[in-house]
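Take the sequences, apply the hints, and build the full model.
Numbering (the working numbering), first residue to last: 1 to 502.
Calculated directly from the structure, the hints in this document are not laboratory data. Beta carbons: idealized from backbone N, C-alpha and C, even for Gly. Take the hints with a grain of salt, since some may be wrong.
To be verified - Straight-line Cα separation of at most 20 angstroms, EDC-like style, residue types lysine to aspartate or glutamate; simulated pairs:
| no. | residue 1 | residue 2 |
| --- | --- | --- |
| 1 | Lys74 | Asp112 |
| 2 | Lys497 | Asp460 |
| 3 | Lys497 | Asp429 |
What the hints assert, rightly or not - The following label-pair restraints were derived from C-beta to C-beta distances:
| no. | residue 1 | residue 2 | range |
| --- | --- | --- | --- |
| 4 | Thr340 | Phe464 | 27 to 37 angstroms |
| 5 | Pro318 | Gln485 | 34 to 44 angstroms |
| 6 | Pro318 | Lys367 | 32 to 42 angstroms |
| 7 | Gln494 | Asn406 | 30 to 40 angstroms |
| 8 | Ser347 | Pro289 | 43 to 53 angstroms |
| 9 | Thr277 | Gln485 | 22 to 32 angstroms |
| 10 | Asp253 | Asn406 | 19 to 29 angstroms |
| 11 | Val292 | Gly327 | 21 to 31 angstroms |
| 12 | Asn398 | Lys497 | 26 to 36 angstroms |
| 13 | Ala264 | Gly327 | 43 to 53 angstroms |
| 14 | Gly327 | Pro289 | 54 to 64 angstroms |
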Amino acid sequence: MKRLWTPLSCFLSLWFAGSAAAQTVPVKTIVIYNNSKTQTIYPVIQAPIRANDLWMQAHFNVPHAAGQPFASTKLYKAYINRQKGVLPGQSVSIRVPFYTQLLPVTPVTNGDYPDQYIDWWNAMRVYLFDGVTAARAAFNYNNDSAGKTIPPTPVSPLAGAQIPTCAPNNTFNCEAPTLVSYGVGYPWPIPAQLLEYTFAAANGPPLQQNFSIDYRIVNFNISGVDSVYMPAAMGVLGNANVQYLGTVQAADDFRAQLAVFADAGNKWPIFVPAYYTAQKPQTPLPSPPAGVQPYPQPQVPSANFVLAESYRRPTPAPPVLTSNVNGVTKLGTVAQRMVTLWNKCTSSTTNTSKTCVKLRNVYAFFKRNYTETCGLPLPLPPTWSLMRDVYGWVEFPNCPQGPQYNLAATPGYKAAFADYCDLQYNYLDPTTPQLDIFNPYVPLLHQTIQTNAYAFSVDDGIAFKSAPGTGLVITVGGPKGLPNQTQTPLPTLQTYKASCNG
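Right, dumping it as structure tokens:
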């Protein structure tokens, strides 16, 4: 394949063939503080499966006329302190290189074949497991592309390649990260808290003609899009001007509030734990094996996840949520109100409350996307399926693929999105009756447990930050370690419109 030769590509050709020892690889640092009093946490950094990688293209300046440049076909994971975890009151500091080279390349083949590199900076996930039981179950679970159970595959970097390592400022024994690859992600019944980051900011075609990358940037968020489990906070290393995202509540207080909200599934579903052993890593066990501690509870699913999982048939064994057992859907009293509200507002136009008017507007917009933009025939999907897509603000799964079919391409998008934001935050309006709260999961996160985590998929204005920095600080169960100990303001009736609509 022909390439555009640049001074950068000429320089890089000095080390492409064979050893990676001469690489100059940008590095940032992630510091994790465990401020809980009793729980040991086990962090994992995960690089995604991806069809192409703009960050690597911009770094190496290697445009492709076709193909999938710098693709990855595996989930690459770095287990931090896998053996003993991060103990209560301790911290761990990890140097994270931009990438780890796995295969030799030349200036002509660089990026042409999958899995030449692990990119540790772009679209990354950090999972926090609470206790050794969850950490070991997650480590064991894996299969290949054919569905065959296989153990995690050790990663073999090219000689001299940069890899995640313990930073020199660790105050206790930091274990060298364990690098392994997987064919699948973690199963939902193994509880964890998800955090996300992207280091640097890259641009290139088709948005701009030439590649560019700003290595200074730190992008980060705490995700509650699927579930909420642990009290985590995130700040920017090397930039004390940035207020933190998340919560610094103590773990016991945080979990007590989740337990009251869900009431063991009587009000809102919770995840049903499943346990996995090294001997049978894909066989879910409904209770912990002998001598193994149960997972701390509860893990609470989002509204979108509740709708997606509670009606799934056949019911998994063991079930994923308490709301779907033996083929029977029992949402719980609070979650059931969402379905009751939907039916009340969409079955007729007689109810002219603010909530019902906006809900009907959003319903009409999705119907227009379904019948006109996607060109799908009536009837509409079942109520639970339609609600799942509306609450997640996502395209219908059976809509033809391509940007010309997406929600933003449907007439009335801006007005519908504004109504959607109003619905998600209608709990802030004191005139909204309790039974008309569109999504009870949002006030759980932003009011009850007071976290800036994503409460739904497009909660960006509240839950996402981007700033210059040298890395990330993550804390669990308290503020110690955060460079700035002031929380980013939570949404109010006066501020949510600018954040959500922005």
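- Out of the numbered hints, which ones does the structure contradict? Of the numbered hints given earlier, those the structure breaks are 9, 10, 13 and 14, listed in rising order.
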